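Enquirer: Here's the letter readout for the chains.
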Amino acid sequence: MGKQPYFDDAALQAAATQTAESLLSSLPAPSSCQHAFSELFLKKIDVLLQKRRRRAAAQRMWQRVAVVFLVVFLSAATWLSVDVHAREKLFQWTKEVVDKIIVHHLDGGNIEGVFSGYEPTWIPDGSTLVDRDHSDEFGFDYYYYENAETGQVFYINCNFMKDSAMTITQHSTEEPTIHDINGNQGKFYLPDEISGSSSLVWVDENAAVVFIIEGNISEQEMLHIAKGIISSNSTK
Amino acid sequence: MMIYLQMLPSPSDKDKFEQLYTLYRGLMFYVARRILPGEADAEDAVHQAFVSIIENLKKISEVRCPKTRSYVVIITERKAIDILRSRSRLSPEAFEERTYGVELPLPGDGGLADAMSRLPAAYREVLLLRYYHGYTVREMAPMLGRKPGAVQKLLTRAKAALRKKLEQEDEPHGKATVF
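Chains A and B, in that order, are what the protein sequence lines are.
Numbering-wise (the working numbering), the first sequence opens with residue 2 and increments by one.
Numbering-wise (the working numbering), the second sequence opens with residue 1182 and increments by one.
Please note that a few of the clues may not be correct.
[Said to hold, decoys possible] Lysine-lysine pairs mimicking DSBU-like chemistry, simulated, CA-CA at most 35 Å apart:
1) A:K45 to B:K1345
2) A:K45 to B:K1346
3) B:K1240 to B:K1328
4) B:K1239 to A:K44
5) A:K45 to B:K1328
[Unchecked claim] Non-contacting residues of chain B with respect to chain A, defined by C-beta distances greater than 12 Å in every case (computed):
6) R1206
7) K1240
8) P1286
9) D1295
Source of the hints: derived by calculation from the structure; they are not laboratory data.
These numbers come from a predicted model, not from an experiment.
For every residue, glycine included, the Cβ atom is placed at its ideal position computed from N, Cα and C.
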């Protein structure tokens, strides 16, 4: 019986690296491997891609919600503890700027009416709806669009400002440009350094709804989308 | 607060899978075809590999690098062999010990790397995932479609097979390096 071979983790790592290099050297370059996949395969992959996009969009939405709650909690705690006048304003519309974040919120419950939803009547050519969410109970509408060819993405968020509803956007340090959006004052913020997305925010006080469009599309396209958003009631 | 904002996924995150798909699908099909005779089966293996990759996407940091290329090759080889195994009458362990997967040239060290490259595919794969990619047993389990206990057992058997291979090479030729 010969001597029992011994190898430690370092020897295994070195051998695994050589084996992996040998494996890769035996294969052609990815760019030179061409195959016309069947319709069935492409269909199955398409389902996988759609699922992935939906999951990514949902993840973005929930992370955004988490950030909103964090920001509102921190800002409200600071605000209420130092400003008596602010406490009196608690039951009115408020807009705060915290760092580079805008928070619109209302903690009242004195708003009449119901949220019936909103929908865009115009979107940029080539954009496809990849995620959509709506809740009468919580009062929000959410649309997420992508353009696979240009890489443009944007979302539209409509939040009914009742029962502590709140919403948020990020902006650059530049002053926003002001636009009229169907009789309401809209503020367009240039792309921020984190997401590279610009945003357009406006409040329809009669309907008690805050609208946000955010994405890497142009200012003109955002304004066009904004002006085309209508109540879902008017399409029923 | 900015830390939380930076948690928001960038567009590049959502594109990672599509980049992997675009870059590697042809290579993955090539690998699957070296194991499976039929095109439909090979496409099925590629699809199964993408399902596994999408579930473990966070483990991939860079799309264009040797480690990612090696990872997609290993996962595709595993899925192709799983298809073969589902049709075999052999027990899973006997099948694993007789299936060599993608044939690769000897690295030429006359020792451990040569022995590793001559192991059956299941053993070689688990050793590469552990020692080249650095994945833990728990991380490898979903990639290989096994429970952590089964992966640990496979890793132990792979090391035993490697030791045996070195012993065999040492006896007739005196070439294997004994550490």
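Enquirer: State for each hint whether it applies.
Expert: For each hint, the structure was consulted:
1. A:K45 to B:K1345: This hinted pair is violated, its Cα atoms lying about 43 Å apart.
2. A:K45 to B:K1346: violated (41 Å)
3. B:K1240 to B:K1328: holds (18 Å)
4. B:K1239 to A:K44: holds (24 Å)
5. A:K45 to B:K1328: holds (26 Å)
6. R1206: With a cut-off of 12 Å, B:R1206 comes too close to chain A, as the shortest Cβ separation is near 7 Å.
7. K1240: holds (15 Å)
8. P1286: Its Cβ does come within 12 Å of chain A, the nearest being 6 Å, so this is violated.
9. D1295: Incorrect as stated: the minimum Cβ-Cβ distance to chain A is 9 Å, not above 12 Å.
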